[in-house]
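Please work from the sequences and hints to get the whole structure.
Residue numbers (our numbering), protein chains in the order written: chain P, 256 to 540; chain X, 155 to 689; chain B, 7 to 321.
Quick caveat, the hints were computed from the structure, so don't treat them as lab data.
Where a beta carbon is used, it is the ideal one built from N, C-alpha and C, also for glycine.
Among these hints, one or two may not hold up.
Pairwise CB distance ranges (calculated) [unchecked claim]:
(1) P/Val509 <-> B/Pro177: 30 to 40 Å
(2) B/Pro67 <-> P/Leu396: 20 to 30 Å
(3) B/Pro122 <-> P/Pro266: 27 to 37 Å
(4) P/Ala425 <-> B/Leu305: 45 to 55 Å
(5) X/Pro327 <-> B/Asp83: 23 to 33 Å
(6) P/Leu396 <-> X/Gly432: 41 to 51 Å
Computed far set for chain P versus chain X, every beta-carbon distance over 10 Å [unchecked claim]:
(7) Ala283
(8) Ala294
(9) Val304
(10) Ala305
(11) Ala349
(12) Gly367
(13) Thr401
(14) Tyr431
(15) Glu433
(16) Asn442
(17) Arg448
(18) Pro457
(19) Leu502
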Amino acid sequence: MSEAPSGRRTPRWLRALRRNPAALIGAAAVGAVVCVALAAPVLAPHDPVAQIATPLRPPGHPHLGGTDELGRDELSRLIFGARVSLYVGVLAVAIALGVGGTSGIAAGFYGGWVDNIAMRVMDVLFSLPALVLAIAITSILGPSLTNVMIAIGIVYAPTFARIARGPTLAVVGLPYIEAARALGASNRIIVLRHVLPNVSAPLLVQTTVSLSTAILTEAALSFLGLGTQPPTASWGLMLSAARQYMLIDPWIAVLPGCAIAVTVLGFNLLGDGLRDLLDPRIRTL
Amino acid sequence: MARFGSPERFDRRTFLRGGLALGGTLAGLDLADLSRAAALAAAAGPPKRGGTLVAAQEVDPVSLDPHTNSNFSALQGYEHIYESLTGYDEKTNVVPALAEKWEISNGGKTYTFHLRPNVKFHNGQTMTADDVKYSVERVLDPKTASPWRDWLILIKEIKIIDPMTVQMNLEGPSPDLLGAFAALRASAIIPKGLADRENLKIKAVGTGPFKLAEYVPQDHITYARNADYWDKSLPYLDGMTFKILTEENTRLAALRAGQIQYATLTAQGVAQLENASGISVMKAPNAWVALHYINVSKKPLDDARVRRAMRMAVDTNEVIQKAVYGAAVPSGPIPTGYGDWSLDPKTLPYAKADIEGAKKLLAEAGYPNGFRLEIKCSPQYPEFVASTLVVQQSLRRLNIDAQVVQMEWGSFVAAHNQEIRTGGKEGGEIFASANTFRPGPDGYIYPYFFSKGSINDGGYDNPRLDPLMAQARSITNHDQRRSLYVEIQRALLAESPNWWWYAKFNIEALSSKLQGYRQSFTGRRLFLKKTWING
Amino acid sequence: MRYLIRRGLWTVAVLVGVSVLVFVLVRLLPGTIVDILGGGEGQLSPDQRAAVMQQFGLDRPLPVQYLRWVGSMLRGDFGWSFRSGQPVGGLLVSRLPITLELAVLSVAGVSLVGIPLGIVASVSRSVRVKTLVQVVGLLGLSVPNFWIAVLLIIAASYLFHWLPALIYVPPWTHPWVNLQQMFLPVFSLALGLAAVVVRMTRSSMLEVLGQEYVKVAHAKGLSTGAVLLRHALRNALIPVVTVLGLQMGYLLGGVVITEQIFGLPGLGWTLLNGVYQRDYPVVQGTVLLFAVTFVVTNLGVDLLYTFLDPRIRYE
Chain P
256 MSEAPSGRRT PRWLRALRRN PAALIGAAAV GAVVCVALAA PVLAPHDPVA QIATPLRPPG
316 HPHLGGTDEL GRDELSRLIF GARVSLYVGV LAVAIALGVG GTSGIAAGFY GGWVDNIAMR
376 VMDVLFSLPA LVLAIAITSI LGPSLTNVMI AIGIVYAPTF ARIARGPTLA VVGLPYIEAA
436 RALGASNRII VLRHVLPNVS APLLVQTTVS LSTAILTEAA LSFLGLGTQP PTASWGLMLS
496 AARQYMLIDP WIAVLPGCAI AVTVLGFNLL GDGLRDLLDP RIRTL
Chain X
155 MARFGSPERF DRRTFLRGGL ALGGTLAGLD LADLSRAAAL AAAAGPPKRG GTLVAAQEVD
215 PVSLDPHTNS NFSALQGYEH IYESLTGYDE KTNVVPALAE KWEISNGGKT YTFHLRPNVK
275 FHNGQTMTAD DVKYSVERVL DPKTASPWRD WLILIKEIKI IDPMTVQMNL EGPSPDLLGA
335 FAALRASAII PKGLADRENL KIKAVGTGPF KLAEYVPQDH ITYARNADYW DKSLPYLDGM
395 TFKILTEENT RLAALRAGQI QYATLTAQGV AQLENASGIS VMKAPNAWVA LHYINVSKKP
455 LDDARVRRAM RMAVDTNEVI QKAVYGAAVP SGPIPTGYGD WSLDPKTLPY AKADIEGAKK
515 LLAEAGYPNG FRLEIKCSPQ YPEFVASTLV VQQSLRRLNI DAQVVQMEWG SFVAAHNQEI
575 RTGGKEGGEI FASANTFRPG PDGYIYPYFF SKGSINDGGY DNPRLDPLMA QARSITNHDQ
635 RRSLYVEIQR ALLAESPNWW WYAKFNIEAL SSKLQGYRQS FTGRRLFLKK TWING
Chain B
7 MRYLIRRGLW TVAVLVGVSV LVFVLVRLLP GTIVDILGGG EGQLSPDQRA AVMQQFGLDR
67 PLPVQYLRWV GSMLRGDFGW SFRSGQPVGG LLVSRLPITL ELAVLSVAGV SLVGIPLGIV
127 ASVSRSVRVK TLVQVVGLLG LSVPNFWIAV LLIIAASYLF HWLPALIYVP PWTHPWVNLQ
187 QMFLPVFSLA LGLAAVVVRM TRSSMLEVLG QEYVKVAHAK GLSTGAVLLR HALRNALIPV
247 VTVLGLQMGY LLGGVVITEQ IFGLPGLGWT LLNGVYQRDY PVVQGTVLLF AVTFVVTNLG
307 VDLLYTFLDP RIRYE
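Now the structure itself:
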């Protein structure tokens, strides 16, 4: 354990990170992707949807990432693709967290038949194959990026509900909650003060995990042509289009795949690190 | 009778101009392949009996009912099993099939077919006039819901003169009727009463060179040689198995690994084969016209100047390069290569993009600042998505904001149908699609552009062209018809109620062991019955 | 016993919920079988369209259609595919083994590899080993499985000139051919699953190893190996088993695209195709089958709990 010269001990989170370089890698990757996404208009050398050059050029000057099958700048598309992936991921997970998390807390809090109904509804949603459900929702709502996010959000909500329910049930059953209620604490206070702190850690971990899978789900939907609308640059859409050219121009197939891998891996590693950090029950030997 | 062009006689200069315009890599697409097939055939030797062909089918037929299907993959599934009164030869001329000869009388309103004797169905029974009457009436029956009924709709009465002679009386002359039978979309002859006894979607009893051995939807379809086929020397193969592989990478892998001896490929797929050993590739233009349907009832698309200006802004060769990797030729309403019905691609307008002219025209029509609209397409056909994106890009230069809406196939078809049914009020503005083979030039024109046509997008109504279209579909003099259709096509190209882009190449990869195969302008695998395996 | 009855009743409720949901959802999809039959080029006239609607019973009011469907299911008749005319029940029975085999082989393969890796990651004292296992394990999860599938196909055929037999052969006919056919699809599916199993095993092992009773066992003098096997692993496996159960959803989703790419006629592709073709009986039947599978799996998982953790008993 190193001690800073000023005499203060190194904070817990820094120690945890040092013990867990994987999480550090994850945080770095996610950070990089977020920065790229935020700075996209400044960073990207060209308009990501403009067909300005000869198609299928390998990386070189002036297109550092080469060009895709329609003659668009690959590098710009990769950069803007970060935006779409994060946008889809964040909004879909926000919906899932909002809808699912609230349902789970409500289920755990009220218990009884409310709990039963809520969990059965979640079971119903669980039994539908996720991808097909997402496809159905997107087809019904119409093809647009927003609807893709809504679809993914709905598909993920049950997972969040389940995760929120467990700790809520555990807390609500504790005797001091009854005592608090007897003392006149309102439901709102109980939830805010007692339930939320217990629930936030697992929800946070699940959020990072779901962010990663949301990106993969968007890629799968785009593979089937039912995700992002062309000509918007999304990594999933780029992969799907590159399928036809894999031996003609491997770059347009490899680069978006790597981008997805780095981002998703980053979120996953970060999630693991957060879980290690926040879960007080975990100790290493 | 109509005459059609042959793949070998296709104009090479036009091909070059169409395919190589953008100077990109076109690995594998060279002219030598066109004549390679002919050369190979010459060196093949005499046909040999035996062997099973293993092939890949790119889209599941879904249903083998020869009367109720609209998808081309269904035709590809049942075309080896069923036949009709007439058929096609290698040059896409109508030739006798189940009818040996026929007479046309009464001003083209009566057809008398003399059936081929001793033709056996796959269940052993002999084909007679009863079966012909039953089959045609089934197509005409609204309960069957045949999407191609319109091709035979003029038949008002079918009379059985004797067991080998059928007479059909029409409402009016139908010069493409014999082609309608040959095209086999809704004209297969099936045993009388078969549809009431069997589920024709997965069972088939026809007269064709191959019998249906097994159809497992979404997996494979197996055919066995029909030993009692009326053409005694055919087929040569003992059987064929078509494995359904929707992913082209998997088809390519199977070809490379020698697992399959035949597959249909895209130009990109061929480029990835990189001259793999033991595989030869045949390419020829075929009846597949890529186009955009335009809802002419919606402002500003109701103004021909606007439609023309938008078309002028797009470079046809760029579309060809990016949508099908160069494997197509520019085309008008009737696909290039369709006998002498189609326009010479060298004479087609819009060969090069003309932005200045388009801007002027648009301003003249009252839209100097452009406008916004939607173009719908489906990822079921990536080439249409690509062509739509090129269009979108080009329209930006006219300040037109074209939103690309990519829809799942069912939703796309539903939207298009809605647009047609509501006369253009709902459903959409522009749809990316294609026309496949039609039995005659009329099929590309009348249903879409006649004022009361059944698939008229938005109610296109041109009082000058209406009588021309009506006339062209009812006279039988070939030259007169031809000059009418030339005039109609030129007018349509100027008015642009659709945008027509290209006629795509049909690209088929075959193992070098396969001999005797010929491509067909119809895009079908008509000549697998004449194919044999060497060695 | 009472527990099983209560579970049974809730299961029925869930299945009814699923049936209503799928019935409604599939009818909300734009377009119907009529549009599909007409296709992009042909056209159906109004009288033809009416004939089709009547033929498939789509002209009846919705509640009637629903009751007819449920009624016939209770009689054992799962309807007939709009597109192929085949009985849905027979279709499902013929397709289920393929998807089941894919799922089971994926889970088995992944457990054999993933659980030990997860244990290593949790127990190892070397930070490098732990990091490596984590990163490599998670890499599989980070790449879209359809991409891996396509890469595998290209690699196999291009580099090794090999591709398994194309037409599906069930394992009881030709086990070796069948395994060859399943190898690539299972590999691409399992990669994603492996990461989940590795991570889950690792984190739950860490959790368990921090428990008091493990320390007690150590103090009692038990070797690390014995501690692992006898005490930690069992309890650690509970969340792993849960997660594997939940992964049915992932599997069924991944299975859909994998089946399409490899040309395997399984349930996933059947369902997706049914959605595309607006083939209501096929979609309804397949989704119900998935729901039943999911529910049965859950029940199995819960029963597995009682085996793994003697403290858990159901009232």
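Here is what the structure says about each hint:
1. P/Val509 <-> B/Pro177: 30 to 40 Å: Holds, since P/Val509 and B/Pro177 (Cβ atoms, about 35 Å apart) stay within the stated range.
2. B/Pro67 <-> P/Leu396: 20 to 30 Å: Between B/Pro67 and P/Leu396, where Cβ atoms are some 25 Å apart, the hint holds.
3. B/Pro122 <-> P/Pro266: 27 to 37 Å: Holds, at about 35 Å.
4. P/Ala425 <-> B/Leu305: 45 to 55 Å: violated, 23 Å
5. X/Pro327 <-> B/Asp83: 23 to 33 Å: violated, 50 Å
6. P/Leu396 <-> X/Gly432: 41 to 51 Å: holds, 49 Å
7. Ala283: At roughly 34 Å from the nearest Cβ of chain X, P/Ala283 sits farther out than 10 Å, so the non-interface label holds.
8. Ala294: Holds: least Cβ distance 25 Å, greater than 10 Å.
9. Val304: violated, 8 Å
10. Ala305: About 7 Å separates P/Ala305 from the closest Cβ of chain X, which leaves it inside 10 Å; violated.
11. Ala349: Non-interface label on P/Ala349 holds, nearest chain X Cβ at 25 Å vs cutoff 10 Å.
12. Gly367: Given a closest Cβ separation of 42 Å, the condition holds.
13. Thr401: holds, 13 Å
14. Tyr431: holds, 54 Å
15. Glu433: Holds, because the least Cβ-Cβ distance between P/Glu433 and chain X comes to about 53 Å, which exceeds 10 Å.
16. Asn442: holds, 44 Å
17. Arg448: holds, 47 Å
18. Pro457: holds, 36 Å
19. Leu502: Violated: least Cβ distance 4 Å, not greater than 10 Å.
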